[in-house]
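Trainee: Protein chains in written order, with the numbering used here: chain B, 377 to 600; chain A, 3 to 216.
Don't read these hints as lab results, they were simulated from the structure. There could be a bad hint or two in this list.
In silico BS3-like links for lysine-lysine, alpha-carbon gap of 27 Å or less [unchecked claim]:
{"no.": "1", "chain 1": "A", "residue 1": "Lys171", "chain 2": "B", "residue 2": "Lys518"}
{"no.": "2", "chain 1": "B", "residue 1": "Lys518", "chain 2": "B", "residue 2": "Lys481"}
{"no.": "3", "chain 1": "A", "residue 1": "Lys171", "chain 2": "B", "residue 2": "Lys476"}
{"no.": "4", "chain 1": "A", "residue 1": "Lys197", "chain 2": "B", "residue 2": "Lys484"}
{"no.": "5", "chain 1": "B", "residue 1": "Lys423", "chain 2": "A", "residue 2": "Lys171"}
{"no.": "6", "chain 1": "A", "residue 1": "Lys197", "chain 2": "A", "residue 2": "Lys91"}
{"no.": "7", "chain 1": "B", "residue 1": "Lys399", "chain 2": "B", "residue 2": "Lys501"}
{"no.": "8", "chain 1": "B", "residue 1": "Lys430", "chain 2": "B", "residue 2": "Lys484"}
On a predicted model such as this, the values are computed, not experimentally measured, just so you know.
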Amino acid sequence: MEEVKLLGSWPSPFVHRVIWALKLKGIKYEYVEEEDVLYNKSEMLLKYNPVHKKVPVFIHGGKPIAESIVILEYIEETWPQNPLLPDDPHERAEARFWTKFEEDKIQKIFGFLMTAGEKQVAATKEAQEVLRIVEEHGLGEKKFFGGNNMGLADIAFGWIATSMEILEQAAGVKVLEANTFPRLKAWIQNFNEIPVIKESLPDRNALLTYYKARRVVFLSAAAS
Amino acid sequence: MRPWIALNIKSVNYEFLEETFGSKSQLLLQSNPVHKKIPVLIHVDKPIPESLIIVQYIDELWSSSPSILASDPYDHAIERFWAAYTDEKWFPALRGLRVAQEDEERKALKGPVIEGIVLLEEAFGKCSKGKAFFGGDQIGLIDIAFGCCLGWLKVTEKLSRVKLLDEEKTPGLVKWAERFCADGAVKGVMPETEKLVEFSKVLLAKLSGAPTKK
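Could you build all of it, start to finish, from the sequences and the hints given here?
Mentor: Here you go:
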């Protein structure tokens with residue numbers, strides 16, 4: 377089998393997605409950590425992702441692919457075992473729709489981490505409105521976005537399951553309040569119980585420290 | 003426009019329903035309750051929104067040639083990358099330039115748009131491998147994704163008084179644009195630049211809250 381490499385950064389939710397997909401499909405890969413992806417990008421990263429200069433970058437047989445969802449679709453096509461997409465074209469379109477929705481709205485959902493005071497109140501409300509749509513139209517009565525089994529859209533939204541609580545702690549605000557979003561909360565529990573997800577979770581304390589530090593950077597950038 | 007071209011390429015019969023600008027029909031609100039936007043493809047009563055998702059659906063369902071998406075997974079990934087780049091980075095930058103009112107603003111916004119086109123020129127060189135389209139001999143995903151922005155590109159060139167496609171800097175794309183617009187699947191679909199310019203002025207007036215001229 378041709379060499380599989382993943383260039384990543386340990387806190388990045390976009391990198392986690394690719395790791396989950398690789399583990400779900402049982403694909404062996406070499407992981408290379410970008411030591412300082414924000415302030416001192418490696419030559420490797422700049423060579424393999426000159427357009428966006430971001431992680432994750434997936435390299436298969438020396439050929440690089442950037443953008444996490446593009447990588448996931450490539451992994452799905454190249455290694456069809458344990459599929460992330462259903463066979464039916466309409467269901468595939470639905471999965472892609474929700475995956476795209478997550479990509480389009482992620483900044484809005486994240487906004488509460490990067491703001492304070494009045495702006496944070498507004499950002500929290502905005503995040504909740506988006507999550508309401510996700511719960512009602514995306515998840516509905518299903519166990520996972522993918523139906524009975526998790527799929528592409530679950531992986532795209534997965535960071536909410538694994539990291540939302542940590543983000544809320546770092547930001548000092550509750551977005552998914554108790555008794556609100558019952559179906560989303562159930563999905564979070566189901567998602568986190570998937571063995572591959574459970575065993576891949578980064579250290580919670582380390583992630584909390586990381587997001588607290590990022591919040592300081594966001595807030596001081598906004599103030600200057 | 004994109005699903006329209008894809009349906010033409012596949013010679014699929016379809017009924018085209020025009021939405022009136024400024025009001026959203028019941029059918030639209032029912033078919034796309036999340037975004038309330040066009041395009042929406044309705045097939046066997048099931049709606050599918052989002053243009054590039056529709057194009058993929060069309061290609062998967064009507065899988066007889068000509069194929070729109072590449073068959074090789076790596077080429078397919080490159081297609082998806084540039085389609086996403088066009089939608090998420092380049093087209094919003096183009097829009098920003100088009101709606102800019104002041105010259106200083108335009109100067110600042112011009113750079114990223116032109117840088118993007120230079121990147122797409124490079125991508126064209128690599129993807130086309132000397133052939134007519136990004137997709138090779140046939141129109142592919144990037145052709146459709148970027149090609150459908152050509153109308154607005156021409157409007158921006160006119161309204162912002164800036165040259166974006168240039169025979170010297172982007173010779174590949176200049177010729178490609180002519181070929182794309184002349185293709186049988188695209189010809190009846192691409193709006194006339196003058197009509198789009200007028201429409202753009204209506205949109206801008208709405209944005210700034212000014213009364214629209216008749």
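Trainee: Each hint needs a verdict: does it hold in this structure or not?
Mentor: Hints versus structure:
1. A:Lys171 / B:Lys518: violated (52 Å)
2. B:Lys518 / B:Lys481: holds (21 Å)
3. A:Lys171 / B:Lys476: violated (33 Å)
4. A:Lys197 / B:Lys484: Given pair Lys197 (chain A), Lys484 (chain B) is violated - Cα atoms ~35 Å apart, limit 27 Å.
5. B:Lys423 / A:Lys171: Measuring from Cα to Cα gives roughly 23 Å; hence the hint holds.
6. A:Lys197 / A:Lys91: Status holds; Cα separation ~25 Å.
7. B:Lys399 / B:Lys501: violated (35 Å)
8. B:Lys430 / B:Lys484: Distance of about 20 Å is within 27 Å: holds.
Violation of the numbered hints given earlier is confined to hints 1, 3, 4, 7; the remaining hints are satisfied by the structure.
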